[in-house]
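J.: One line per chain: the protein sequences are A and B, in this order. Its first residue numbered 1, the first sequence is counted upward by one per residue in our numbering. Its first residue numbered 1, the second sequence is counted upward by one per residue in our numbering.
Don't read these hints as lab results, they were simulated from the structure. Where hints are given, some of them may not hold.
Unchecked claim - Heads up, incomplete: computed chain B residues facing chain A, CB under 7 Å, no partners named: (1) Glu-144; (2) Ser-160; (3) Val-163; (4) Met-164; (5) Ile-170; (6) Leu-174; (7) Leu-178; (8) Leu-181; (9) Ile-182; (10) Tyr-188; (11) Gly-189.
Just so we're clear, the structure is a prediction, and the values are computed from it rather than from any experiment. Every residue, glycine too, gets a C-beta built ideally from N, C-alpha and C.
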Amino acid sequence: MEVVLALGIGVLAGSGVWLILRPRTFQVIIGLSLISYAINLFIIAMGRIRTDALPILTTKAAGDPAQFADPLPQALVLTAIVISFATTALFLVVLLAARGLTGTDHIDGKEPEA
Amino acid sequence: MSHFEDHLMVAPIVLPLLAGAAMLVLGGERRRNTNAALSVVTTLALIAISIALVRIADASPTGVTSVYRLGDWPTPFAIVLVVDRLAALMVLLTSLIATAAVVFSLARWHRVGVLFHPLFQFLLMGINGAFLTGDLFNLFVFFEVLLAASYGLAMHGSGSARVMAGMHYIVINLAASLLFLIGVSLIYGVSGTLNMADLAARIPVIRAEDRAYLEAGAGILGIAFLVKAGMWPLCFWLPGAYAAAPAPVASMFAILTKVGAYIVLRLSLLLFGPEAGASAQFGSEWLLLGGMATIAFGTIGSLASQDTARLAAFSVLVSSGTILAAVGMGQPAITGAALFYLISSTLGLSAFFLLIELVERGREPGADMIAVTREVYGEETEVEDSAEVGIAIPATLGVLGLAFIGCALMISGLPPLSGFIAKFALLRAALDSGSDGVSPSAWIFIAVLILSGLAALLAMTRAGIQAFWASPERAVPRVRLVEMAPVIALLILCAMQTVQAGPIMRYMSATAQSLHAPHDYIRGVLRPATARMHQPEGGA
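The shape of chain B in the complex, shown without the other chains (with noise of 0.2 Å):
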């Protein structure tokens, strides 16, 4: 390997960071236009850097590409950062809803506000750092980056509306973040390692006495993700603050509830694999059963939301309580489906918080979240209106209404759009995962699954209907070719999704392989260190 592509992997991190910081040493506000360009060139080659990591991750045999040392100490003792397949997977999503949103906030979003291309970026750090870190206490610092660059744009346009739910948000994320740090000290006492391969090679060693302090640490620790990851009964804050939030943040919010759940996956299928002793499996039927009544929740939330946004947050819900249900199974072949899953609902999430905000901006004033801004604010955001730049779309209703269409299917998983073939995927894979018959959970979750997408149907033709047939005297919303083109590009990108079907299947399978048998992932991040033996230090 290059001494080029050594360092490809920290880019990632690096790059959104130099950025920001760019844009506030360069004058922050003073230079919009010059932020909002390194902003879009920046998300730009962040989108060619992870296609080159997912490149690299897929052609190595094990998975595991490359293990970068920061500070360049002996793997256990140091901060590393460990590209996977997974991790490779999860930054180029990223990268990919990134710049859909900074292209979408040219049009008006980002002069609502202060610093809006900083902050963004500075989530992006956080976000793709909490991909790739392989240390827990790094995750944690990578969270609270994220987490508060994510306070800043929730707020991003300010408004009333918008401070109490991102006031709400702060708390909690704030209570959820405190209970990391229980759980990740917690393992540091019982374990004396936070190194996710390292503990993953002591866990089986760990004694017996401490094994339960190990699991309450890694129960906490569950928690604080599983808040983030908006499990019922810990999601009862996300459906106002990603309603409240502005259109390209809560596009951006989709992947939020994607960290959550990742890390979920990571660390539940790393340390409590077949290979952890007494402790395997540890937490895999609550995921089971909290996946599945987080599914049920958001359903009938959604079924139950009048206001197209909070559809929408409700459908954040059932995408991640899919995803949680699928990886409480425990099985290769639904891990896999679920990858493919997680890829086609959050781009298509992400098109339909995009869109959401395009469609509502023709209706009332009253409901619509620039009007809360132009109180705030005064006449200044009429007189930027005229001011605004780009060309206006011909057939904007034909446009959006095609949009929303391509939304709904993504979402209640019809065919043609990728949406389908990933809960296609996750039903054959439930249906095969017995060896003798489909057990009753899986029975369970067939239904659900399937139950859920019908309801998202009915709330989808029920929103589309209001938006699209009811009001006739609306005005029709002028629309910028900016702010269509990249609702029509993340569609664009779930079809290729099912037109590249078969490749990008192989792809989550061999990603889910690797993730059920971590010893590859473990080998590979202690390579340098095979030869040192792991004591537990409990007790000294």
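With the rest of the complex left out, here is chain A (with noise of 0.2 Å):
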């Protein structure tokens, strides 16, 4: 399971990571909203990674702590989604209007000199 949940974060985020990196503003917002994947995933990672551990939320009586998953990286997470993808529809209302004034995707407003 952990190997699992380390090599998913890793590919999501050197995805991104090289995404980000390219010239275009379509790969850069899919490279922010995969290594924003990555770091989500991280997240939780932070929390411990159980199985089979109680919500924290129960009708019996309480016990002990240590039995529940610990809630507070899901809120965490469930705060990061909700804030990603606001940014990612704000972004691309920028990258649609970056593209109508500039008339290309280019990063930079304008395509590179040949």
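Two chains, two frames, some hints: make the complex.
T.: Okay, here's the thing in structure tokens:
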């Protein structure tokens, strides 16, 4: 499980970094999205990976806190997902505006000299 | 403390949020005059509130006045807002500059694009929240609020130059925010807490094998803040974005770099002070080196820039580099002087950003930002020009020239304005720094500081000659009273800082003392929970 998660984070982050270094705005936005997925997984991993742990809410008696999955990283990931979704949408609008104003999807607003 | 004062400290966040939301509900752009009035009233109210906060903070012996528990959970478990001297001071500075920028925008800038006032209020909410929060993840949320608003404001008025600069600004800040998240989650994974005071209490007892993760997390977090503070080599995005932003927004952006510098100052002294055990002084030599490199880069950039707006953007870098280097020196006296410098340089730069637009207005239209807008909006701007409200000021060029001299004195640090006192205090503190003579790094710091002042004077003089003397056939710009008044008011504030230098410097020294001895802060925040044991929960 750890290996799968670590590989997943690594591949997502690596692809994302490669993409944000590309010259096209669409590649950059996909790159940023991939990195944010990698980071969401990373936050979950930082709360310790547990299988079969109870969620924090239970109708039974409270019991031992060590039995529960850590709820805080889940809350953090939820917030991070919402924020990155919003900023991606915002960036998409800017991307389209830049495409309309400059007539190219190059990140500098003009094609490099051939 | 009365019930009302208890809730006063959340007002700098809630008030702009409510004002911005009310503007949207009341009809957004269709009621621009209502929005403008609401905006001015809100920023004035923020000044009053933050003056009250500063007074309350200054009256308390420990400096930590009050902890506001959002949701009323016990302290380490929920998000808290903390007011101490530093936070109150920064909120006051923000509201002063915000008022100047809003008043300035009334003449013309709030009409060149949509939703200026609501975005401006949300920006204020984010900035104030970042200053007041005592929780790392909450800091991330407020950072995102202020960044999201700043994206919209940076592109206010549109035009391809501004949109391209804004896009670069967005990409850099999104990438930095992702680094922020990595740092926060690493720190959480090691320490099990996100509350800054709780974290500071736990760092000395972190197990040795976990310390590398903690320092890696802190380092990544630091990079995220240094991108925003504009430390070399992470500052390449800043001159373009700041030079392209509309004048009132650029003037507000002068404080955005200070948000990054503020967080670096707060966290490095709180988390890695002398009590942090093996991690004490973590990163301070990097701050010193990076800060001095930033001053050098900003100085060279300001000498090289042909455009006055870029000159101002590079001056922002010099100012932020000075503060970072001073924090890296790690001495209470220098930190106190750096705080004085922070206030005076931010006020001076804000005034300068506003002034540039007025001065450049009379020059050839191709270089003018208004021209970019006119290109996009067609004849619309021309029509609105004639519909401008307010009275034009007499002796325009004379007033502009005097204000320009004021800004030049502020930025280069010459008497009689407060820039001189700030630089003098920094130099004095650096000379007194070592018990056995001045250390080599302090000598380099002194040299860099003096040289940057000289270069700033040269660059500002050249810009002034070009703007006022070199083109006799230029048209005299039409400047409204509401545009000139904020610039003059900011410069008068700088003059008042000179006159009241004694009390202000005493406040700064007290702030620096409490920053360098964070146990009062930690105890103040964790007070309701002092009986609880702090066990690091790594390795579960």
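J.: Now, for every hint given, state plainly whether the structure supports it.
T.: Here is how each hint holds up against the structure:
| no. | hint | in the structure |
| --- | --- | --- |
| 1 | Glu-144 | 5 Å, holds |
| 2 | Ser-160 | 4 Å, holds |
| 3 | Val-163 | 5 Å, holds |
| 4 | Met-164 | 4 Å, holds |
| 5 | Ile-170 | 6 Å, holds |
| 6 | Leu-174 | 5 Å, holds |
| 7 | Leu-178 | 5 Å, holds |
| 8 | Leu-181 | 5 Å, holds |
| 9 | Ile-182 | 6 Å, holds |
| 10 | Tyr-188 | 6 Å, holds |
| 11 | Gly-189 | 3 Å, holds |
Of the numbered hints stated above, none is contradicted by the structure.
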